[in-house]
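4 protein chains.
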Amino acid sequence: MKPLVGDSPLLSSRRVHPADTVVTVPAACIAGGRLSLGGEGIVIMAGPCAVESEKQLMLTAEAVRAQGATILRGGAFKPSTSPYGFRGLGEAGLKLLAKARDAFGMAIITEVMTPTDVEMVCDYADILQIGTRNMQNYALLDAVGKVRKPAVLKRGMAATIEEWLLAAEYMLSQGNSQVILCERGIRTFEKMTRNTIDISAIPLIKRISHLPIISDPSQGTGHRDLVAPLSLASLVAGADALLIEVHPDPEKALKDGAQSLTIEQFRQLVPQAQAVAQAIGRTITGVHRSMS
Amino acid sequence: MKPLVGDSPLLSSRRVHPADTVVTVPAACIAGGRLSLGGEGIVIMAGPCAVESEKQLMLTAEAVRAQGATILRGGAFKPSTSPYGFRGLGEAGLKLLAKARDAFGMAIITEVMTPTDVEMVCDYADILQIGTRNMQNYALLDAVGKVRKPAVLKRGMAATIEEWLLAAEYMLSQGNSQVILCERGIRTFEKMTRNTIDISAIPLIKRISHLPIISDPSQGTGHRDLVAPLSLASLVAGADALLIEVHPDPEKALKDGAQSLTIEQFRQLVPQAQAVAQAIGRTITGVHRSMS
Amino acid sequence: MKPLVGDSPLLSSRRVHPADTVVTVPAACIAGGRLSLGGEGIVIMAGPCAVESEKQLMLTAEAVRAQGATILRGGAFKPSTSPYGFRGLGEAGLKLLAKARDAFGMAIITEVMTPTDVEMVCDYADILQIGTRNMQNYALLDAVGKVRKPAVLKRGMAATIEEWLLAAEYMLSQGNSQVILCERGIRTFEKMTRNTIDISAIPLIKRISHLPIISDPSQGTGHRDLVAPLSLASLVAGADALLIEVHPDPEKALKDGAQSLTIEQFRQLVPQAQAVAQAIGRTITGVHRSMS
Amino acid sequence: MKPLVGDSPLLSSRRVHPADTVVTVPAACIAGGRLSLGGEGIVIMAGPCAVESEKQLMLTAEAVRAQGATILRGGAFKPSTSPYGFRGLGEAGLKLLAKARDAFGMAIITEVMTPTDVEMVCDYADILQIGTRNMQNYALLDAVGKVRKPAVLKRGMAATIEEWLLAAEYMLSQGNSQVILCERGIRTFEKMTRNTIDISAIPLIKRISHLPIISDPSQGTGHRDLVAPLSLASLVAGADALLIEVHPDPEKALKDGAQSLTIEQFRQLVPQAQAVAQAIGRTITGVHRSMS
Numbered sequence: 001m002k003p004l005v006g007d008s009p010l011l012s013s014r015r016v017h018p019a020d021t022v023v024t025v026p027a028a029c030i031a032g033g034r035l036s037l038g039g040e041g042i043v044i045m046a047g048p049c050a051v052e053s054e055k056q057l058m059l060t061a062e063a064v065r066a067q068g069a070t071i072l073r074g075g076a077f078k079p080s081t082s083p084y085g086f087r088g089l090g091e092a093g094l095k096l097l098a099k100a101r102d103a104f105g106m107a108i109i110t111e112v113m114t115p116t117d118v119e120m121v122c123d124y125a126d127i128l129q130i131g132t133r134n135m136q137n138y139a140l141l142d143a144v145g146k147v148r149k150p151a152v153l154k155r156g157m158a159a160t161i162e163e164w165l166l167a168a169e170y171m172l173s174q175g176n177s178q179v180i181l182c183e184r185g186i187r188t189f190e191k192m193t194r195n196t197i198d199i200s201a202i203p204l205i206k207r208i209s210h211l212p213i214i215s216d217p218s219q220g221t222g223h224r225d226l227v228a229p230l231s232l233a234s235l236v237a238g239a240d241a242l243l244i245e246v247h248p249d250p251e252k253a254l255k256d257g258a259q260s261l262t263i264e265q266f267r268q269l270v271p272q273a274q275a276v277a278q279a280i281g282r283t284i285t286g287v288h289r290s291m292s
Numbered sequence: 001m002k003p004l005v006g007d008s009p010l011l012s013s014r015r016v017h018p019a020d021t022v023v024t025v026p027a028a029c030i031a032g033g034r035l036s037l038g039g040e041g042i043v044i045m046a047g048p049c050a051v052e053s054e055k056q057l058m059l060t061a062e063a064v065r066a067q068g069a070t071i072l073r074g075g076a077f078k079p080s081t082s083p084y085g086f087r088g089l090g091e092a093g094l095k096l097l098a099k100a101r102d103a104f105g106m107a108i109i110t111e112v113m114t115p116t117d118v119e120m121v122c123d124y125a126d127i128l129q130i131g132t133r134n135m136q137n138y139a140l141l142d143a144v145g146k147v148r149k150p151a152v153l154k155r156g157m158a159a160t161i162e163e164w165l166l167a168a169e170y171m172l173s174q175g176n177s178q179v180i181l182c183e184r185g186i187r188t189f190e191k192m193t194r195n196t197i198d199i200s201a202i203p204l205i206k207r208i209s210h211l212p213i214i215s216d217p218s219q220g221t222g223h224r225d226l227v228a229p230l231s232l233a234s235l236v237a238g239a240d241a242l243l244i245e246v247h248p249d250p251e252k253a254l255k256d257g258a259q260s261l262t263i264e265q266f267r268q269l270v271p272q273a274q275a276v277a278q279a280i281g282r283t284i285t286g287v288h289r290s291m292s
Numbered sequence: 001m002k003p004l005v006g007d008s009p010l011l012s013s014r015r016v017h018p019a020d021t022v023v024t025v026p027a028a029c030i031a032g033g034r035l036s037l038g039g040e041g042i043v044i045m046a047g048p049c050a051v052e053s054e055k056q057l058m059l060t061a062e063a064v065r066a067q068g069a070t071i072l073r074g075g076a077f078k079p080s081t082s083p084y085g086f087r088g089l090g091e092a093g094l095k096l097l098a099k100a101r102d103a104f105g106m107a108i109i110t111e112v113m114t115p116t117d118v119e120m121v122c123d124y125a126d127i128l129q130i131g132t133r134n135m136q137n138y139a140l141l142d143a144v145g146k147v148r149k150p151a152v153l154k155r156g157m158a159a160t161i162e163e164w165l166l167a168a169e170y171m172l173s174q175g176n177s178q179v180i181l182c183e184r185g186i187r188t189f190e191k192m193t194r195n196t197i198d199i200s201a202i203p204l205i206k207r208i209s210h211l212p213i214i215s216d217p218s219q220g221t222g223h224r225d226l227v228a229p230l231s232l233a234s235l236v237a238g239a240d241a242l243l244i245e246v247h248p249d250p251e252k253a254l255k256d257g258a259q260s261l262t263i264e265q266f267r268q269l270v271p272q273a274q275a276v277a278q279a280i281g282r283t284i285t286g287v288h289r290s291m292s
Numbered sequence: 001m002k003p004l005v006g007d008s009p010l011l012s013s014r015r016v017h018p019a020d021t022v023v024t025v026p027a028a029c030i031a032g033g034r035l036s037l038g039g040e041g042i043v044i045m046a047g048p049c050a051v052e053s054e055k056q057l058m059l060t061a062e063a064v065r066a067q068g069a070t071i072l073r074g075g076a077f078k079p080s081t082s083p084y085g086f087r088g089l090g091e092a093g094l095k096l097l098a099k100a101r102d103a104f105g106m107a108i109i110t111e112v113m114t115p116t117d118v119e120m121v122c123d124y125a126d127i128l129q130i131g132t133r134n135m136q137n138y139a140l141l142d143a144v145g146k147v148r149k150p151a152v153l154k155r156g157m158a159a160t161i162e163e164w165l166l167a168a169e170y171m172l173s174q175g176n177s178q179v180i181l182c183e184r185g186i187r188t189f190e191k192m193t194r195n196t197i198d199i200s201a202i203p204l205i206k207r208i209s210h211l212p213i214i215s216d217p218s219q220g221t222g223h224r225d226l227v228a229p230l231s232l233a234s235l236v237a238g239a240d241a242l243l244i245e246v247h248p249d250p251e252k253a254l255k256d257g258a259q260s261l262t263i264e265q266f267r268q269l270v271p272q273a274q275a276v277a278q279a280i281g282r283t284i285t286g287v288h289r290s291m292s
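Chains as they are written, first to last, in the working numbering: chain Y, 1 to 292; chain D, 1 to 292; chain P, 1 to 292; chain S, 1 to 292.
The hints are simulated quantities; they were obtained by calculation from the structure and are not laboratory data. A few of these clues could be false.
[To be verified] One side only, chain Y facing chain S, incomplete, derived with CB under 7 Å:
(1) I197
(2) I199
(3) A275
(4) V276
[Unchecked claim] With a Cα cut of at most 30 Å, we get these calculated DSS-like pairs of lysine-lysine:
(5) D/K255 to Y/K146
(6) D/K206 to D/K99
(7) D/K191 to Y/K146
(8) S/K191 to D/K252
(9) D/K255 to Y/K255
(10) Y/K191 to D/K191
(11) D/K206 to Y/K191
Heads up, the beta-carbon is just placed ideally off N, CA and C, and yes, glycines get one too.
The following block holds chain Y by itself, in its conformation from the complex:
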């Protein structure tokens, strides 16, 4: 692979920082109370695409926690292609996420969409998420770069890996060193899947960067039946975490039901993921080791 850009390597480059960056977040459900992302353990982040109601969120959180997820995902601010679509519960959704955190000891990841919301989202979330449409929203990147919270940066829908790393550089250069990259599929001509998840980006990022890299097989495929195989593929390719949409009743989901696992499907996936993780010498944090 060619060196990244110009002569001076980026802050995200392994040439600048050879050791893996390990991000830590508080998670009472884990022994020691802190969860590491980017080290040996693999983390499962799961939950609904969007926070819809207290019942929906609590039911999902309890179920995914019981199977081994340690981070709860759920959108309170939802980017919607149409202005007439569901745009999320806003701060009320953040409050529900905080309630779930307290109830189940999980860490919380949720999206922030605009600079003026960064402070409020930081009041509730353990990890901020910058979505695919905002990968090059530079005012947002600058604002998230100024806080000291871990931030997941999703790859833009049609971003090259170089552009993605340069977007991460916006945050790193503002002083936020806890940047986590997330492969979520790129846009191609293929029509049977929602996106084409670029699994090769995972080991490639690992080689050229020290930042943790995670995978979103739900957005990456758009079909719940493809989430399990692409989760396993992401793991063996080197992903540090999986970000998986789970819904107690996907047919009634307000957003992205087609790509949400049922709770039962999620229950089946975790031991498969654990077995595959162990085959490559890793383990899923918070899940008992399988008896192979």
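Given chain Y's structure and the hints, the job is docking chains D, P and S onto it.
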């Protein structure tokens, strides 16, 4: 072509609003003092990619005005793929644009990148521009939807036409009816051009929408030698305006010099554009009719 | 633009052969009996996607000839994505094309799909066509390179311009110097059009190569309502010919009816094309000059 | 996922043929002398991109056989983007492949590029390969459909999954039921990898089709350092075989050296692949089970 989305047509649809939307902006350099965009006349917007200095801007503005451009383009806030690239002069750049407007009677178009800047940019600009990276920055679209200034919405780098119209709908549904669409090239596998300018989007938009549609052959190709033929192609395909980068010394431009026309190249382009416009029964606003 | 490949330029390069290549074909309908392609004149090639019957072909040929088309297109061997689709009349279709040539004095262009058919197709056709799916069918390119008939090489569905020129090089290096390139759209993520016609490829090819370049707005867009504006766009961008699908009853066409012009639409297009051609100092061969 | 095409399912569809198709080939190196592809066992196909010399081929064959590869790959007819590139040894290359088969008891897979070569290639090969550029070379598909040899059909560079299955249908409808699909990456805008390997295509094909599906991580990535992680990812996603380029001295390879594993890299990959295969309840044919 299939109907756009669902059963209820969008505010941008010709089914809702059969007549062409015509946007008007003040322009002292035009007889009557107001410039129409989206009617019979074709408008030329020209100027540097980025405002770099008073000398650079004034020199360019004077030259493009002399050839028939009636709207001056120039970025004060510049999206830069790298955080270490030139990001524009900010408000100082806006002040220079206002000075050029006063000096040459041209209207001003300039980019706004984040909601909190909308009010300030409105103080100086006649037309706001939302760039390709921000096509789905919904907080920005909402904010621009709330003001009553014309706004050019560039197509996202990998946006479908449907997504682009839905982004316009964010502004239309907030009450800003003066939305102008701008084709600026999409991302493909081709490496010899910066983007692939989708000329077919121009007549397609004309058929399904009443909004004005303009073309940016500079961003669309990335090569100054391709700007003239793609300008002519855009016109005969139905574009209501051309947005063209011109720089007095492209080799020394701080941004996008490779795709900027020299003043001499721009001088040669305008009469060709006028001849071609007349061949399809239109004329370029502010340019004397050619003797064919 | 960067130089093409390596240090030694290709046979297709303007560095090797600075003057435009002009291809000539016999056409009794033209004064002098020979038609030039790649010179000042612009040529219109029109006809049905597929030869379906004698009546359909003769009716179309007569109509397009009457409006100024000098080359008749029509497929006897049709590539079909599905094996169960219409695959053409084969040699019977070639005989019908020859009959139309005799009746109307037009030159004939038709596709050849496999090396063993090259000799037979040469017996009937004036210009061979290599389709998009066969752009890198090297045995076919070698075979067509060995004959001395003009050959149109369509750009592959996802071919870069460099790969396209290298495919042309297969024929040129075998001694066939009468290669004509045809832009017919590339595959992108856009769903409203069948392909995205890359108009910028036309002037780019003109700059780096001496070969004639033509445009196929029917395949390039997939919608008959977009064929006229994209025909005009192709002309002002520098195309040497237009390849247009016309059908007497598109709704009943066995292939690609949605992108075929009606005879009436074709009748309206030609004078527009002539007016636009004149605006850039060219003229359509075989069509009376318009009174502007 | 939507049903594939129209109302009548394809011959490749699981609705027509619910059970997995299992292809068998003679392989003396395996107990029983026959190798199954598409059943429980996973097959490793390895060897050089192109057959260059007897020494190169024999050395590679011996090494990959020793590690567990049971099928030897090697191109005698090589598609080359440039006519001036290496195009393979032709029949001399086929003879070397046959010699390696005899020496090591492996089955042979090699590419056929044109219908008139099908008979000759069948004389030497156990499995025919149709390359990405020929996925829609219908005369070739028809010819391979008429023989009774297993055939690997690589996905076209920009083919949708639907088009790929329709290309397979050409062979199936001619009576050749031993069709094997091969994902080898698709063309996207990403520049750091040669192609973007679409891992999601593997489980998707498994769901909608009964045909075996294999993966080519060498072509799919273009970088030898990415071959191992993408091999593992392909396996856990459901691939029935891996097709891997191995060269004794990649720096001196006549073709595609950058993506060829060294023999040592291949030696390291096989036990990892075996461990991962076992984690999902499969095993690599011809490799001793690992002690986990």
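Going down the list of hints, with the structure as the test:
Because the beta carbon of Y/I197 sits about 6 Å from the nearest beta carbon in chain S, less than 7 Å, this interface hint is met. With 7 Å as the threshold, the beta carbon of Y/I199 comes within range of chain S, its nearest partner Cβ sitting at about 5 Å, so the hint holds. The criterion of a C-beta within 7 Å of any C-beta in chain S is met by Y/A275, whose closest approach is roughly 4 Å, and the hint holds. For Y/V276, the interface hint holds, the least distance from its beta-carbon to any beta-carbon of chain S being 5 Å, beneath 7 Å.
For the hint pairing D/K255 with Y/K146, the CA-to-CA distance comes to about 27 Å; that is within 30 Å, so the pair holds. A hinted pair counts as satisfied when its Cα atoms are at most 30 Å apart, and D/K206 with D/K99 does not qualify at roughly 35 Å. Taking the CA atoms of D/K191 and Y/K146, the gap is about 36 Å. The hint is violated against a cut of 30 Å. Proximity of S/K191 to D/K252 is assessed by CA-CA distance (about 28 Å); at most 30 Å being required, the pair is judged to hold.
Between D/K255 and Y/K255 the alpha-carbon distance is near 40 Å, which puts this suggested pair outside the 30 Å criterion. Proposed proximity of Y/K191 and D/K191 is supported: the alpha carbons are some 24 Å apart, at most 30 Å. Between D/K206 and Y/K191 the CA atoms are separated by roughly 26 Å; this keeps the pair inside 30 Å, and the hint holds.
Consistency with the previously given hints fails for numbers 6, 7, 9, ordered from lowest to highest.
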